[in-house]
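So the sequence lines, in the order shown, correspond to chains D and L.
Sequential numbering of the first sequence, starting at 1, is according to our numbering.
Sequential numbering of the second sequence, starting at 1, is according to our numbering.
Don't take every hint at face value.
Since the list can't tell identical chains apart, any single copy or any two copies may satisfy a pair.
To be verified - Derived lysine-lysine pairs resembling DSS-like cross-links, with alpha carbons at most 30 Å apart:
id : residue 1 : residue 2
1  : Lys157    : Lys174
2  : Lys174    : Lys25
3  : Lys25     : Lys191
Bear in mind the hints are in silico, worked out from the structure with no lab data behind them.
There are 2 protein chains.
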Amino acid sequence: RELILGLEAVLADGTVVTSMNHMLKNNAGYDLKQLFIGTEGTLGIVTRLVLRLVQHPVSQDTAFVAVAGFDQVTRFLNFMDAALGGCLSAFEVLWEDFYGFLLGGSQAGNPPLPPGYPYYVLIESLGGHRQADRQRFQAALEQAMTQDLLVDAAVAKSQRERDSMWAIRDDVEKLLQIQPLFLFDVSLALKDTRAYVDEVRAELMRRWPDHQLYVFGHLGDGNIHLAISAGGQDGSARSEVEALVYRPLGAIGGSISAEHGIGLEKRRYLSWCRSRAEIDLMRTLKQALDPKGLLNPGKVLAS
Amino acid sequence: RELILGLEAVLADGTVVTSMNHMLKNNAGYDLKQLFIGTEGTLGIVTRLVLRLVQHPVSQDTAFVAVAGFDQVTRFLNFMDAALGGCLSAFEVLWEDFYGFLLGGSQAGNPPLPPGYPYYVLIESLGGHRQADRQRFQAALEQAMTQDLLVDAAVAKSQRERDSMWAIRDDVEKLLQIQPLFLFDVSLALKDTRAYVDEVRAELMRRWPDHQLYVFGHLGDGNIHLAISAGGQDGSARSEVEALVYRPLGAIGGSISAEHGIGLEKRRYLSWCRSRAEIDLMRTLKQALDPKGLLNPGKVLAS
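Only chain D is shown next, with the shape it has when bound in the complex (with noise of 0.2 Å):
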């Protein structure tokens, strides 16, 4: 949303609505790109953007860290977040199990880290000054390391090193063997994050002692992906899964989609983590906007 600056849309009645700003600040009125964005076409269709770059890093620091708990991990960040003063670029949690099934079975080479401890971050700095963010980033790295938020680290000593840590974060198609396989995006706070995976890894643990659970995600943006095997191969568990990840979220304040939206699979759910009013007000707006229901009709809200 932030990388937006201006865009053009299409309404429902056929207006073209051109309003591709190129400036940071416009306060002339209504922000009206603001409807388009992240509303899966249900209001307008988006025909041209006005992307905002920014310069080309010059430096990218990158290490694997070992983590021996997640309280630690919650202060890692906070403690790398300002140490590295607004250079920070990733933060990737691996939870244990997730880390050891992307090293099990054809993964060859050497993995950064062995496996064993109960949380792995794949962090980097992107920066402006090769040598004194390299420098920061290292003495940030110790000072951590005095204090106890890690036990153990890798720092990528060039990009082949770089890029094999990354291949291990990425190489979430290998999930796509199991089967059945029900992939989650949720968001919720730092500090209810290891409460929530409990109590799911303890519900899948009751109704289905034969489950798999793998969690990962982009911790600096307090948002976890869960990966779940559970049930018959036909994917009959669907719904109870579903209901059993997305249910204590409304309670905590978190969503049940951080990216990837709505859509058709979860509207359903929709109501357990907006409110009554909220989701008067998105049909007040569909209504205002597309009273014939004609754009991406029955997504996001049921026509």
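With chain D's structure known, arrange chain L on it following the hints.
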């Protein structure tokens, strides 16, 4: 906008819409807070906010710089933006006349730089590592100097020196001694800024040879302020001056308001920088959320 995570608003019919989201990423349905941010209370009354906090910066590096031409101002901005890797936090440009005006009269003490250069930039970097950030800041300034992007520079060596640099920039209220005084808050592309200011100056010169024009701005955001004194003490030239300042903006995709909104004062000029289709869509929103026109009536859009 980026620092507002959630809010509560009261709608025209009394409904309280509570969207007190605390998450950085939430893509569950429409992002309703965007309806209320920057709409000047015309679509709902904001009663609560959730603000995003960031780590307090550890380092603060500040310099006052003189630049020989506007091209160099632009290149200096791009250069420092890249070199500081996300830590550039202020890039305040003062045109020659305005710096001279601020230094004039009762202002005591030594200014950081002598008057007479075409442009002055107050630049600041906020970061997380005192020593490395200072090294980076000074190295970048030295490199900019060798590339002829700046002609003189004073780096603040103490909090006192930093405060006195900011005091110059912040002494804007000194303008209020001038009568009449018309203040503007426009946004436009950096590449158009010099020609735009030249055009405004030439028009003022033609119409009021004894006018005063002072220009300064947040160039990092593409936002400049013009302070103009022209015509009789009674402010009777206001409409003429406004037209002169706002008219060129439409053709170059600028905005009549970067920060301060439309309210009543700029309502008649809204169509000079927003299209008919955009204003119609604003009216559609207003009609949908406030059909009786109860909320801040007459502001932004004429009733």
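Since the copies are identical, ignore which copy is meant and state whether lysine 157 and lysine 174 lie within 30 Å (CA to CA) inside a copy, between copies, both or neither. Within one copy, since 27 Å is at most 30 Å while 55 Å is not.
Intra- versus inter-subunit Cα pairing at 30 Å for lysine 174 with lysine 25: Between. Shortest inter-copy distance 25 Å satisfies the 30 Å Cα cut-off; intra-copy 43 Å does not.
Given a CA cutoff of 30 Å, do lysine 25 and lysine 191 count as a within-copy pair, a between-copy pair, both, or neither? between (34 Å within a copy, 15 Å between copies)
The structure is consistent with each of the numbered hints, conforming to all of them.
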